[in-house]
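Trainee: Here's the letter readout for the chains.
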Amino acid sequence: MKWRGQVAPAERRDPVSSTMIDALFEKILKKSLSRREFFKLNAGAALAAAAGGFPAMSPRDASAAAAPNIAVVTGSPGAATRAAVEMLGGMGAFVKKGSKVVIKPNMSFARGLESGTNTHPEVVRELVAMCRQAGASRIRVLDHPLRPNELCIQEVKDACRVFGDDRMVHALEDKEFYREVAIPGARTFKKTDVMRDVLEADVLIAAPVAKSHSSTGVSLSMKGMMGLIYSRDVMHYLHDLNTAIVDLCSFLRPRLVVIDGSRVLSTNGPGGPGKVLRMDTVIASRDMVAADAQAVSMFEWYGRHMEPRQVKHIRIASERGLGRMDLSRLNVGKKSV
Amino acid sequence: MRFRRIIQGTSFLTFLVLLSLASNHAMEWMRVDLFLRMDPLVLFSVLLSARTFVVLLVPALVIAVFTLVLGRFFCSTLCPLGTTIDIFDWILQRPRRRYGPKGARPDFRSLRIAKYLLLSFILGASLAGVSFVFLASPLSLATRLYGLAFFPAVSELLGIGIVGIREAGRAAGVPILEYTSVPVQTFSLQWFTLTMGVLILGSGLMTKRFWCRYLCPAGAVLSILSLRPFWGRRVSDSCTGCGVCRRKCPMDAIGGNPMHTRFPDCTACGKCARECPAGAVGFAFMRSRPVGEDSLFSKHRRSLILSGVGGLGAALVSLNLPGTLYSGTGRNAGSSPIRPPGALPEHDFLARCIRCGECMKACPTNTLQHIGLSSGVAGFMSPVITPRRGPCEPSCTKCGSVCPTGALRDLDPEEKIWAKVGTASVIRKKCIAWDLGRECLVCDEVCPFGAIDLKRTPESKAPVPFVNEKRCNGCGFCEHACPVPTESAIVIDSKGAFRMGKGSYIKAGRDAGYAFEVKQPSAYGEEGNGENGFGKLPPGFDE
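Chains as they are written, first to last, in the numbering used here: chain A, 1 to 337; chain B, 1 to 543.
Please note: incorrect hints may appear among the correct ones.
Covered by chain A, according to a simulated footprint, are these stretches of chain B (three or more residues, beta-carbon under 8 Å) [to be verified]:
no., region
1, 245-255
2, 447-458
3, 480-489
4, 499-508
Quick caveat, the hints were computed from the structure, so don't treat them as lab data. These figures come from a predicted structure and were not determined experimentally. Glycine included, C-beta positions come from ideal geometry on N, C-alpha and C.
Chain A extracted, bound-state conformation (with noise of 0.2 Å):
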């Protein structure tokens, strides 16, 4: 398996297709005005579900025609994000014109695509693609890696060069790049450093890829945040990792969320190497527990399958209500590319 080929490198890009994608994009934004007003609805709903008890009406209920609460596409990994994007009703739905955007990818290993460490670069740029055709005003791609930050995400770097933005991907290793917050609301974690560009953007993507970690169960959206803080060392030190986590993710809430599960580290993660089961997949959702949720249960893990309450952090952010973990009674979109 050449992994490394998938990626289309920008000169072989065709400058006319990605008009004509345009100009389909445009049609599709159009069509689905009409929903996007009811997403507004949809999330007002969602919004007090999270503030204080359990949703008066599940979206499945209003209209199961409607988009999914998650989508779950399987394909090539570009063209599965994409697909995954629209189910929800098109980027248009999360990026208005004018939006900062900071997307969230995994870029915290330097062990090439095979290794399933890494989110796949493809993935980041058809996200990047469809911020800037929604009207994004400036788009970040941002993580803070373990490993010397320019080898680990060089991959996404050059997957992005197509937009002539250098200064659109980095690893932020330096404190002055990180401001103080204080987390509203937390058990546990009450203050920490967050990336300044992620308070600063209108809308936060996370983008995370599938992999099984061994003190969490797994690293997903949730998990993922921790790459947006400066220093991670007092969520082990200080406090239980798993609430840590959720007091973490009750602040740096993703308004979308788009799992790559082209590759899925199905086990020794979150550094590998370990079993890398090759899927095809992309899930996106608004709601990080749920997404988080359906990629635990449709994947395998150490060879088993699992239930997203086996997860912890999974299951406190859904009884803190978060976000939606009972996925029986969620409407899943399935699609094929």
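Dock chain B against chain A, hints included.
Mentor: Okay, now just chain B, sitting in the frame of chain A:
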């Protein structure tokens, strides 16, 4: 002699540029340590202490041969410390020239022997295999001064400037230098480097080129070589004996009779030729070679011998001091520092290492630091890996590639991965997983070699880390990243380090049963056996 100024300036800039490129991976083909390898003191001292001719030091041999012909030209043209001293002399002597008292300057001439005594001391110590050359080698001093004090200060200022520009840009709504930050290296013994620097440069307050005239042992080597040069200062008959040249000479190399030149002190800087009102002084090949009449050595021969014996004695004593590794019998209680990858066996390593700090300047993770006295006086200022500060990146071969004396071997990347520097061990009473029973896997997550195995044990609530010593190369990512505050709960010591003067680390490692590979899986959750508890439940999941 504008020509000399041009050479001096070019040479100084080259020195700075090479040093600033030390950590640049794109420039790895360039020998950034060239200047260090031109130091004649290093040549002779390492020859004695390592008892071998180090091929890397051929440039110093070339300088030595040229000195036989041209005299101490090195000091006035190539030496970066000499140039720095010139700059500081110019600054320090200016106010005195204007406002200072007229009349005779204090005479330091009796100190001329000091540099020979220092040289004798250093070479005496070298005989015992101990290198004190770092104390006074001008190139070692200049490399430390610029690499470990000057450049970090420049980076710091640059960083402040960039932050200022960025914030001003943000305030004005113009994104500029958005993600630019300047890495600043820090060095624990910078104070020592600076103190030496202040003393040497400050000595310019007493007289010009004080260090070069009276103290520099490399200058002493060159002086001995230039007792009877073929080319040098010549005074024609038109000399009026006014003595301007004698007063202006920065090296005090002109005798009571201005016709007379003390060649061991003359650096051929050409100041006398420029200043001579009669135009009587020039530099040329000499028809008859000067007589090496310097009576200094015969007058002071007892002192010189005593100093050499003193150096030898000091070296032998230093080998017996606490902390020194290679003395005495039985198991040594002294600390055993984690040396950079490719370091020769300790004795040879210390005999060759001139503590110039080039490896530390080149180290991209800032893990290489001068050691204090913890490995004894004989090891003072030598480089050591400090994993808590930074890990040793497996793909990097910088330190060995810039070492001027081969104390660190220049390894290719494959060999480097096998050049084990130490072994990690878990301090269970500090470990979050072992002691607190909480889930933590940071050491496993960051280990590039898959050398940490997380296992469930009957008594542990969470999976706990074990070090697989056959895979641990001592890189220190685990110690660096361990979230336990202050001292890490997993630490590297030099146990098991490969210290080889020659031969392949890959072969030696394989023969000893090691398996270093940057991408291999670690052994947790091994299928089937259920012994480590993962047969029941994948790690990190709840029932």
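Trainee: Determine for every hint whether it applies to the structure shown.
Mentor: Evaluated hints:
1. Proximity of the region 245-255 of chain B to chain A, defined as three or more residues with a beta carbon under 8 Å from a beta carbon of that chain, is not established by the 0 residues found.
2. Only residues whose beta carbon comes within less than 8 Å of a beta carbon in chain A count, and the region 447-458 of chain B has 4; three or more means the coverage holds.
3. Using a Cβ-Cβ cut-off of 8 Å, 4 residues of the region 480-489 of chain B lie near chain A, which meets the minimum of three, so the contact claim holds.
4. A count of 0 residues in the region 499-508 of chain B with a Cβ less than 8 Å from any Cβ of chain A is obtained; the coverage claim is therefore unmet, three being the minimum.
Of the hints listed earlier, those the structure fails to meet are numbers 1 and 4, in rising order.
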